[in-house]
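Each protein sequence line maps, in turn, to chains A and B.
Numbering follows the working numbering, in which position 495 of the first sequence is assigned residue number 495; successive positions increment by one, without gaps.
Numbering follows the working numbering, in which position 140 of the second sequence is assigned residue number 140; successive positions increment by one, without gaps.
Worth flagging that the hints you see were computed from the coordinates, not collected in a lab.
Just to be clear, a hint being listed does not mean it is correct.
Each pair of labels, with its calculated beta carbon distance range [said to hold, decoys possible]:
{"#": "1", "chain 1": "A", "residue 1": "Glu-151", "chain 2": "B", "residue 2": "Gln-87", "range": "53 to 63 Å"}
{"#": "2", "chain 1": "A", "residue 1": "Trp-503", "chain 2": "B", "residue 2": "Phe-257", "range": "50 to 60 Å"}
{"#": "3", "chain 1": "B", "residue 1": "Ile-75", "chain 2": "A", "residue 2": "Lys-148", "range": "23 to 33 Å"}
{"#": "4", "chain 1": "A", "residue 1": "Leu-72", "chain 2": "B", "residue 2": "Glu-279", "range": "34 to 44 Å"}
{"#": "5", "chain 1": "A", "residue 1": "Gln-95", "chain 2": "B", "residue 2": "Leu-254", "range": "39 to 49 Å"}
Over the 12 Å line for every Cβ pair with chain A, so calculated as not near, a few chain B residues [claimed, not checked]:
{"#": "6", "residue": "Leu-19"}
{"#": "7", "residue": "Gly-24"}
{"#": "8", "residue": "Thr-46"}
{"#": "9", "residue": "Val-47"}
{"#": "10", "residue": "Lys-52"}
{"#": "11", "residue": "Ser-104"}
{"#": "12", "residue": "Glu-127"}
{"#": "13", "residue": "Ile-184"}
{"#": "14", "residue": "Leu-187"}
{"#": "15", "residue": "Leu-254"}
{"#": "16", "residue": "Ile-272"}
{"#": "17", "residue": "Tyr-294"}
{"#": "18", "residue": "Pro-296"}
{"#": "19", "residue": "Lys-301"}
{"#": "20", "residue": "Gly-303"}
{"#": "21", "residue": "Arg-308"}
Being a predicted model, the structure only gives us computed values, none of them experimental.
For each residue, glycine too, the CB sits at the ideal point set by N, CA and C.
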Amino acid sequence: MTGLLYFLLLALPGGDDLAPFGFSGLELYKASTRAQCLVTADFDGDGRRDFAFTNNERSRIEIFLQKSPEELAKPPDKPAQYDDVNEIHDDARFQKVLIPLESTVHAMVAVDLDGDGSAELVTRSDPPRLEVWKREAGDVWAVTQRFKIKEGAGPRQSLLAADLNGDGRIDIALLEKEAVQLYCQGEEGRLKPPEEFPTGLRDATGIAFTRPAEGTAALVLYRLGEENGLAVRPLLGSALGPEWVFRSGKMETVLIPERSERLSVYTVMRVSDRLHLKTLVPKAEADAVFEAPLSLYPVVAERGIAERGVVAGDVDGDGRGDIVVARPSASALEVYLQDADGLFRAPRTSSTFAGTAHAEVGDFDGDGKTDVLVVSSEEQVVGVATWEGDHLTFPRRVDGIPDKPHAAVAAALIEPGRTDLAGVTEAGRKYALAVLPGWKEPAVTVALPFLDNRPTRLLAVDIDADGDLDLAVITERGDMGLVLNEGSGNFTALGSEAFGGKWLLQDVDPNSYTTTTLPGGRAAILVAKKTIGRAIGLDENRKLVVVEQISAGDNVKLLGIAWSGEEVVVADEKTGSLLVLRRRDGEWKRVQEIELPSNVVRSVRAAALRPGGGMDLVVSEKSGFLVARRGRQELRLESRWSYESDVKGSKLRVIAAGDLNADGRLDLAVTDVEKRALELLVPPAAAGGTPVRALRFEIYEEKREGRRGGSYVREMEVADLTGDKKDDLVFLLHDRVVLYPQE
Amino acid sequence: MKIAILTLCLLALGGEEVLKFDGGAEIRGRIVKETPDALFVDLGYTVVEVPKKQIRERAPVLEAAAQAAAEQKSIFFTKALPRAPIQDLVEQFGQAVVLVKTSSALGSGFIINDQEGYAVTNFHVIEGETKLKITVFKKIGNEFKNVVYEKVKIVAISPFFDLALLKIEDTDRGELGKVYLGDIADLARGDRVFAVGNPLGLSRSVTEGIVSTRYREQEGKVVIQTTAPINPGNSGGPLFNDRGEVVGVTSSKLMGFGIEGIGFAIPVNYVIDFLVNREAFAYDKEAPDSGVRYYPPPGKKRGQDQAREESGDADE
Numbered sequence: 001m002t003g004l005l006y007f008l009l010l011a012l013p014g015g016d017d018l019a020p021f022g023f024s025g026l027e028l029y030k031a032s033t034r035a036q037c038l039v040t041a042d043f044d045g046d047g048r049r050d051f052a053f054t055n056n057e058r059s060r061i062e063i064f065l066q067k068s069p070e071e072l073a074k075p076p077d078k079p080a081q082y083d084d085v086n087e088i089h090d091d092a093r094f095q096k097v098l099i100p101l102e103s104t105v106h107a108m109v110a111v112d113l114d115g116d117g118s119a120e121l122v123t124r125s126d127p128p129r130l131e132v133w134k135r136e137a138g139d140v141w142a143v144t145q146r147f148k149i150k151e152g153a154g155p156r157q158s159l160l161a162a163d164l165n166g167d168g169r170i171d172i173a174l175l176e177k178e179a180v181q182l183y184c185q186g187e188e189g190r191l192k193p194p195e196e197f198p199t200g201l202r203d204a205t206g207i208a209f210t211r212p213a214e215g216t217a218a219l220v221l222y223r224l225g226e227e228n229g230l231a232v233r234p235l236l237g238s239a240l241g242p243e244w245v246f247r248s249g250k251m252e253t254v255l256i257p258e259r260s261e262r263l264s265v266y267t268v269m270r271v272s273d274r275l276h277l278k279t280l281v282p283k284a285e286a287d288a289v290f291e292a293p294l295s296l297y298p299v300v301a302e303r304g305i306a307e308r309g310v311v312a313g314d315v316d317g318d319g320r321g322d323i324v325v326a327r328p329s330a331s332a333l334e335v336y337l338q339d340a341d342g343l344f345r346a347p348r349t350s351s352t353f354a355g356t357a358h359a360e361v362g363d364f365d366g367d368g369k370t371d372v373l374v375v376s377s378e379e380q381v382v383g384v385a386t387w388e389g390d391h392l393t394f395p396r397r398v399d400g401i402p403d404k405p406h407a408a409v410a411a412a413l414i415e416p417g418r419t420d421l422a423g424v425t426e427a428g429r430k431y432a433l434a435v436l437p438g439w440k441e442p443a444v445t446v447a448l449p450f451l452d453n454r455p456t457r458l459l460a461v462d463i464d465a466d467g468d469l470d471l472a473v474i475t476e477r478g479d480m481g482l483v484l485n486e487g488s489g490n491f492t493a494l495g496s497e498a499f500g501g502k503w504l505l506q507d508v509d510p511n512s513y514t515t516t517t518l519p520g521g522r523a524a525i526l527v528a529k530k531t532i533g534r535a536i537g538l539d540e541n542r543k544l545v546v547v548e549q550i551s552a553g554d555n556v557k558l559l560g561i562a563w564s565g566e567e568v569v570v571a572d573e574k575t576g577s578l579l580v581l582r583r584r585d586g587e588w589k590r591v592q593e594i595e596l597p598s599n600v601v602r603s604v605r606a607a608a609l610r611p612g613g614g615m616d617l618v619v620s621e622k623s624g625f626l627v628a629r630r631g632r633q634e635l636r637l638e639s640r641w642s643y644e645s646d647v648k649g650s651k652l653r654v655i656a657a658g659d660l661n662a663d664g665r666l667d668l669a670v671t672d673v674e675k676r677a678l679e680l681l682v683p684p685a686a687a688g689g690t691p692v693r694a695l696r697f698e699i700y701e702e703k704r705e706g707r708r709g710g711s712y713v714r715e716m717e718v719a720d721l722t723g724d725k726k727d728d729l730v731f732l733l734h735d736r737v738v739l740y741p742q743e
Numbered sequence: 001m002k003i004a005i006l007t008l009c010l011l012a013l014g015g016e017e018v019l020k021f022d023g024g025a026e027i028r029g030r031i032v033k034e035t036p037d038a039l040f041v042d043l044g045y046t047v048v049e050v051p052k053k054q055i056r057e058r059a060p061v062l063e064a065a066a067q068a069a070a071e072q073k074s075i076f077f078t079k080a081l082p083r084a085p086i087q088d089l090v091e092q093f094g095q096a097v098v099l100v101k102t103s104s105a106l107g108s109g110f111i112i113n114d115q116e117g118y119a120v121t122n123f124h125v126i127e128g129e130t131k132l133k134i135t136v137f138k139k140i141g142n143e144f145k146n147v148v149y150e151k152v153k154i155v156a157i158s159p160f161f162d163l164a165l166l167k168i169e170d171t172d173r174g175e176l177g178k179v180y181l182g183d184i185a186d187l188a189r190g191d192r193v194f195a196v197g198n199p200l201g202l203s204r205s206v207t208e209g210i211v212s213t214r215y216r217e218q219e220g221k222v223v224i225q226t227t228a229p230i231n232p233g234n235s236g237g238p239l240f241n242d243r244g245e246v247v248g249v250t251s252s253k254l255m256g257f258g259i260e261g262i263g264f265a266i267p268v269n270y271v272i273d274f275l276v277n278r279e280a281f282a283y284d285k286e287a288p289d290s291g292v293r294y295y296p297p298p299g300k301k302r303g304q305d306q307a308r309e310e311s312g313d314a315d316e
């Protein structure tokens, strides 16, 4: 055991092997307790790095321009005056430039947008606007671009600058409460109007860009103090891909480097105060049925999606399943086309009837083009939109479904091989079913006198296993009525009491009703009821029978169910997860549990999204839809190492990374707020190692008993601010900027 | 000579007297009216009629008090003062109340040592500031003249007690008035107090009230709660008792709809501790407004030594 320990220690960078760390002195610069947004960049194009911060106390941005060695050698213009008795004299290394503000800046980045060698400042401020500041003549700065934004206030890390779309030009990303705005740069260094991408992780604390060696470039959103607080959005050109949410644990501070082998997160955890390096690691899980995490495609919350408005189907005819989302309040249909990588591109939006809440995909007229059937109760119309190369046409009205339609389905009800249209309609709280044979009038109508509640869905399923498709009418309360197909265009309507389903269907989740074909080939309806899932059908006496009952355990509340191949998948509200169940030895056993970003699931549907890929899943929830693809790979955020200071009572907080001993390797600086100290760490060179603390020292001493704003190091950067090509450490503390030049 | 003039002035105004009775009892108060048969004595909370025939001995308090010498303790002064009408006390000590002006705020303060130019104010008045000005309202004849001093040094600060000690550097010695610090132990609930300050920049405003309680906990400190109206700009000004001794430093008040007459003052015993121990609260030029001393970071030599130690620890 001792031998093993010795071996491990030898493998670490030991104290003697380390290039020494040290600083040449302390430099203090007057700021303000409300100073924030510390950034470093070359603002005057002289090749030397400068720093800047916002001072909202004085409504200004303060820029400290690094002087040249010649300027530094000059004697000061003015000796210290006695009447500045209380004034501290800033070190002469920088020349201060002030930009007056008429707003409160909440976030700021410094970046050379137009590539002229000097950095611009991009600010997010209140009154709500995003502004680009550029140095004009001398010390004069002016706003060159201004965009109105929805929210002026936001976290410090809500703005980033990076080449997001890989076109060689720097772009800007702005994090809002429920969306990310991407400002891509066009010609001549100007930002284009933003593209909005809704986010599933709401009220995120920060945003970062990463381009790991393994993996794709992505935006990372994080929310401090949240158990599932990290979301990754791959960048697909100038658009954001799906959102993958990871269990991060409750993070207190975060640093995400742009370049790393894999997507990496340095974080101090809230409960333990330990510093971790967490990386995204793909794992092949033997029992996994679906890839994890799920791919979330968020929508703008205020516009919402229809409860029954997420349907899968091959819209563009490329053999891959696409997703159509109905947006009632926006009077829009959004088509998410699947690309070859299995990801869904940013949606193509088409107009539709107001209040469209129901959609179905298919080629209803047999012309080879995909159609989308839509129903709008609000405008009392059923329509069909057709895919025309790259968009859906405005739906053409289908005549013949009378009164106020609530739901519709296209199915071969009367003649084999011919699609008919069936719709459930309302006239003065009286409900009826209308069937248009071959989509043509006159309609065959069947009264549904047993319905007491508004019907919301219509399912076509051969529930009595007689070879003809029947219709199931589902109401908003979860009741079900049946319209049995007697052949030759004759139908018989049965209420739940008539088919003995009144009590068996009590407490069934209304959104859970879905059709399936059981492994034996029998068609059935799936429902979720409290802790159980059921496949139901009718027997020869037209009475409801439970064909299969699936128990997911005791402590669950099921919201949705789907039968996908050999597995049944249920959404559990209590654990906020999808439970994948497989029959083993006559019992349904959990084989996989996949966390959901939220527990507000509306429906779980099996869908053939890939040719030959088996049945995947589409999960509809309030904030968007999720896709689960079959596969064994799970991406996990795993801790590669953790570090805990051995100083009793220490509280690690702000992290910065850079080469602090000029040995060409990345070092970490982390503050200890409790002991007012700084620790410099050397991360392990090899897997399995732990960081070595190279240096720890106290930053300051407090004379006072009380605390007030700015008492801790609140922002820290590593950059060469002395022009010696070595990284220095600079941070905001109290009302100061503190600079430690590397020795 | 000075004492004689002061005595005459106060007698003419109806000063405080001690009335002694047969049997050894005595009362002390201000004579507000005298008739051939009786004296009417203001005891502070009421006026009583005392038949002259009952009085064995009658003597002005003033003489004894006036003769009591001011005592310098540390850099401030104390003195046993007689009760007096507020207008008299304002007349006497108002000149020592000053306006403290920074680039972003106005506040009040009071001079505790006219020879050395020391003044006390709230820390929050000067927080974050380095350039201060003090305006003294000097009475010259029947007129007040504002004299502005611009070389003001911050000597000590205590953010916790919200106190700051300032020193006016560019004054001729002795040209400023000064106040005497009292004793918090002499203050009781219901005692009359008054504040002098510059609320909203309205210089030398006087407000009167009583002590609501001497013991109000506020953020780990015990403060005086008073009904004397306090407004922005009063901060740092003195709260006097009815003898003209400073018993507190007005600092804050409760604000809100329907809230009135809840002001707070830092008790004078905290002020005295702060002044006596001012070295411990010494202002640091390197960290002028944060009460913080920054350490220089280690150089490579020390860094190397420490890394070696860390490595040695790890090996063990």
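Hint-by-hint comparison with the structure:
The beta-carbon spacing between Glu-151(A) and Gln-87(B), approximately 57 Å, falls within the hinted interval of 53 to 63 Å. In this structure the supplied range 50 to 60 Å holds for Trp-503(A) paired with Phe-257(B), their Cβ-Cβ distance being about 58 Å. A C-beta distance of roughly 58 Å is found between Ile-75(B) and Lys-148(A), which places it outside the suggested range of 23 to 33 Å. One distance hint, 34 to 44 Å for the beta-carbon pair Leu-72(A) and Glu-279(B), holds here, with the actual separation near 37 Å.
Our hint of 39 to 49 Å for Gln-95(A) and Leu-254(B) holds, since their Cβ atoms are close to 46 Å apart. In this structure Leu-19(B) is separated from chain A by more than 12 Å, as the shortest Cβ-Cβ distance comes to about 49 Å. The beta carbon of Gly-24(B) sits about 50 Å from the closest Cβ of chain A, which is more than 12 Å, so the claim that it is off the interface holds. No Cβ of chain A approaches the Cβ of Thr-46(B) within 12 Å, the least distance being about 43 Å, so the stated non-interface status holds.
With a closest Cβ-Cβ approach of about 46 Å to chain A, Val-47(B) is found to remain outside the 12 Å limit, as its non-interface label requires. For Lys-52(B), the condition that its CB be more than 12 Å from all CB atoms of chain A holds, with the nearest at approximately 58 Å. Remark: the non-interface label on Ser-104(B) conflicts with the geometry, its nearest Cβ contact in chain A lying 8 Å away (cut-off 12 Å). Not every CB of chain A is more than 12 Å from the CB of Glu-127(B) (nearest about 9 Å), against its label as outside the interface.
Distance to chain A confirms Ile-184(B) as a non-interface residue, since its nearest Cβ pair spans about 20 Å, more than 12 Å. At the 12 Å boundary, the C-beta of Leu-187(B) stays outside the reach of chain A, the nearest C-beta of that chain being 25 Å off. Leu-254(B), annotated as away from the interface, keeps every beta carbon of chain A farther than 12 Å; the closest lies near 20 Å. For Ile-272(B), the shortest C-beta to C-beta distance to chain A comes to about 18 Å, beyond the 12 Å cut-off, and the non-interface label holds.
The non-interface label for Tyr-294(B) is inconsistent with chain A: the shortest C-beta to C-beta separation is roughly 5 Å, within 12 Å. The claim that Pro-296(B) lies off the interface is violated: its Cβ sits roughly 4 Å from the closest Cβ of chain A, which falls inside the 12 Å cut-off. Not every CB of chain A lies more than 12 Å from the CB of Lys-301(B), the least distance being 7 Å, so the non-interface label is violated. With 12 Å as the threshold on Cβ separation, the claim that Gly-303(B) sits away from chain A is violated: the shortest Cβ distance comes to roughly 4 Å.
Not every C-beta of chain A lies more than 12 Å from that of Arg-308(B), the closest at about 5 Å, which undercuts listing it as non-interface.
Hint check: violations occur at hints 3, 11, 12, 17, 18, 19, 20 and 21; the rest are consistent with the structure.
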